[in-house]
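**Student:** Here the sequence shown is numbered in our numbering, starting from 15 and rising by one per residue.
The set of hints was computed from the structure by calculation and includes no laboratory data.
Cross-link-like lysine-lysine pairs, in silico, BS3-like; alpha carbons within 30 Å at most:
no.: 1; residue 1: Lys521; residue 2: Lys642
no.: 2; residue 1: Lys455; residue 2: Lys521
no.: 3; residue 1: Lys642; residue 2: Lys455
no.: 4; residue 1: Lys97; residue 2: Lys239
no.: 5; residue 1: Lys160; residue 2: Lys382
Label-pair distances were calculated between CB atoms; the ranges are:
no.: 6; residue 1: Arg533; residue 2: His86; range: 33 to 43 Å
no.: 7; residue 1: Asp367; residue 2: Glu665; range: 43 to 53 Å
no.: 8; residue 1: Gly578; residue 2: His376; range: 52 to 62 Å
no.: 9; residue 1: His483; residue 2: Glu665; range: 24 to 34 Å
no.: 10; residue 1: Arg270; residue 2: His86; range: 48 to 58 Å
no.: 11; residue 1: Tyr401; residue 2: Arg499; range: 30 to 40 Å
no.: 12; residue 1: Arg474; residue 2: Gly147; range: 29 to 39 Å
no.: 13; residue 1: His483; residue 2: Glu825; range: 32 to 42 Å
Just so it is clear, CB atoms sit at the ideal spot from N, CA and C, and this is done for glycine as well.
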Amino acid sequence: MPLGPRLRRHARRTAKMGRKLAKTAPLEWQAFARSRPIDPDLVVYESFAGRGMLCNPEAIFRALLSDPTQGHRRHVWVLDDPKAHPAVVREFANEPRVRFVRYRSPRYHRVLATAGVLVNNATFPSTFNKRPGQVYLNTWHGTPLKKMGYDEAGGAVGSRNVVRNFMMADYLLSTSPFMSEVMYEQAYRLANVGPGRLIEEGYPRTDRQELDLTGRANVLSRMRKAGVDVPDGCTIVLYAPTWKGESFHRPINDARSLAATVSELESLLPEGHRVLLRAHQQVSSFVGAEPRLAGRLVPDDLPTNEVLGVTDLLVTDYSSVFFDFLSTGRPVVFYAPDAQDYQQYRGWYLGLDELPGPVVSHVHDLAKILVAAGTGGADDPSCSHRYLYDRARERFAPWDDGNATQRVLDVLLNRSAEGRRVRETARDGRPTVLLYLGGMKSNGITSSALNLVRNLDHERVDVSVMFNHSEHPERRANIALIDERARQLVRIGGVKISKRDYLRRRKLFTGRTDELSRRDVIRMDEVLVDEWRRTVGDASFDHVVDFSGYSPVWSYLVSSAPAGSRSIWLHNDLAADQRREIAGHSPHHRNLAGVFGSYHRFDHLVSVSEALCRINGENLAQYAPPEKFTSARNTIDHERILSRSAEPPAEGTVLPTDGPTFVTVGRLSPEKNHRRLLEAFAILAADEPGARLVIIGDGPLRPALELIAQSAGVADRVVFTGLQENPWAIMAQCTCFVLSSDYEGQPMVILEARTLGLPIVTTRFASVSSAVGTAEGLIVEQSVEALAQGLATAAKGEVPQEAFDPVAYNEAVIAEFSRAVGLPIR
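Model the full assembly from the supplied sequences, consistent with the hints where possible.
**Tutor:** Here is the structure:
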């Protein structure tokens with residue numbers, strides 16, 4: 015029987031309440047966990063998001079557990095599912111100091127928030143935020159051969175949580191100066207800002223490769239118990255390929271290919287050789303179902319480095335496992351049939367001629383070299399590649415000598431670098447600037463932010479930019495335009511606070527600070543500092559800038575940063591913007607109330623023109639003293655404008671070909687006053703039958719403006735193009751640029767039009783002089799009649815026009831920016 019309207023409404027309210035409670039409970043739990051005291055004796059270990067007791071964290075754990083001087087410590091291992099790792103759980107079932115937690119469970123969040131020591135070989139999730147008093151060691155999981163981090167295409171966004179974890183870590187483990195410089199400082203851009211210290215003492219996991227006869231026998235016994243067929247006295251050939259990024263979605267095909275390679279290779283080798291496969295974790299669950307690999311597959315729960323300790327010959331392609339194997343002194347052969355394609359697709363840090371072993375592309379050639387190993391002949395890799403092998407060992411694994419674990423623990427537990435290879439991340443002396451770019455929507459603020467990042471002198475200033483992660487196509491397209499020289503810090507996730515703190519935060523962000531007690535304000539400061547730390551770890555910057563200026567979330571967050579100076583941009587007459595209405599709604603009333611309330615936390619309030627600085631200084635005087643108000647105009651990317659203007663307009667854009675063609679660009683919203691422009695154009699059109707008007711942009715007023723064009727009788731002579739990814743290609747085909755705004759911040763579209771050589775007709779508003787002077791265009795009063803007369807003047811070709819030098823303009827503006835935020839000026 016169907017429910018009545020009242021019952022349906024009740025059911026919807028109940029369901030909504032249930033969803034809210036489902037979201038609130040985990041947040042309350044995490045907030046509670048972070049309020050608990052830190053236990054200095056509790057150590058938490060995680061490898062590959064809980065895929066097992068693996069890698070460097072395992073080596074550190076076993077050393078700590080067996081150390082009689084460390085018996086006071088308790089140990090928690092994170093596993094994706096403890097039931098899926100019965101051997102590990104069974105091994106420590108009777109050890110009271112060891113327990114296991116499920117990844118992302120409530121207990122997981124509790125131990126992450128309260129452990130005194132945290133050890134991870136990859137990353138903790140975006141919800142993790144290291145607390146003061148905790149010590150975080152990130153060991154990572156391999157020396158890089160393949161390009162990583164910012165060195166990959168699109169790697170900045172893909173590395174967002176890695177960078178965040180590295181910025182949060184107290185110590186970063188490194189095998190060598192090569193790894194420190196190439197991976198940490200270059201690929202992940204930690205140079206100049208990374209707060210953690212680099213421990214260059216080798217990898218603890220490689221200690222497990224140092225096996226005596228008893229140790230070797232134990233490992234072989236464990237392998238046999240795990241189902242690996244290893245005859246006594248055989249030569250063990252371990253094939254350990256990496257996962258190829260392009261085959262991620264077809265692991266079954268990978269499994270078949272690997273099985274075929276193992277079978278063919280073993281058939282070509284003489285009796286006494288045994289080919290085993292160590293598959294990448296992405297395909298390991300699939301290769302186990304391959305009958306051809308029965309007895310030849312090394313399971314995941316056997317430590318890789320112990321298996322390397324009994325391996326006689328290693329075969330790999332692009333896996334960094336060979337760096338670990340170098341400490342054994344035994345031969346490595348690279349089987350890479352797709353080497354050239356893969357190098358082009360992913361990129362390497364080493365050339366093929368630098369690898370410490372032969373590189374072959376056919377299984378028959380691989381078998382030939384493996385047979386020759388140890389013979390002393392020309393094909394013996396120990397002879398043919400001895401120099402490269404020794405050089406690689408010295409360069410990439412100089413301290414993998416069987417004692418790395420103890421050296422790392424000396425630093426981690428004693429917090430002392432004395433006698434150990436521990437150093438700060440590199441600094442080159444450039445001042446560091448962090449810019450929050452805004453919401454990355456296609457608007458003037460985003461364009462100005464992107465232009466600024468391109469025009470800053472990156473050789474003189476270390477530039478970082480920050481924005482929220484987004485999957486929205488428009489925002490991702492704008493993110494892709496960020497100058498690659500800038501370090502990108504991508505904020506992921508959100509603040510995890512209790513309901514009480516959420517309500518306090520909402521009052522703060524809507525300007526209702528009078529409703530907050532002093533205790534509330536202190537608590538909000540703690541929350542903001544905590545969220546800043548979750549976002550960028552313990553990194554610090556000389557200067558931080560909220561370039562958007564419209565989001566209270568970000569204005570309060572940026573103003574909480576530990577920095578030499580804090581600046582916020584004022585792109586408009588913000589008091590007028592706060593009052594602006596669209597269809598009876600004031601879109602910026604609440605958010606700007608919150609932003610204004612944060613102004614006292616900033617050192618500099620930067621308007622985008624001198625005139626606008628005076629207006630904001632007067633209208634916003636209650637929020638900050640006059641000495642904080644300053645100005646700096648926006649830069650322009652003239653090279654991009656000119657190059658893109660030569661492209662054809664977007665498909666479907668029909669432009670007139672005769673008579674004067676006026677063009678305007680901007681959001682279709684009240685302050686742009688397109689209504690005045692349409693009415694003025696209608697007056698001109700009566701005398702200029704060939705005249706046309708092109709309106710580029712979109713917004714809430716478009717339907718109303720289209721009706722105005724119809725009622726004025728000019729609908730057939732006005733083109734509404736909508737939002738354009740490349741407006742300059744359209745502008746370049748027009749004869750005059752016109753702007754009819756009531757007010758602007760800095761009208762960047764005028765500078766873009768001047769770059770394209772277009773005459774300018776604009777209404778007079780306070781900041782117009784920041785883009786065009788009386789000798790550089792025609793400035794008219796804010797009336798339909800005055801604007802119509804200006805259009806008529808332009809139709810006659812009588813608008814004053816001086817050449818615009820964008821290079822000189824940008825140089826002057828960058829000096830203004832530097833002065834505004836406190837950077838040294840050359």
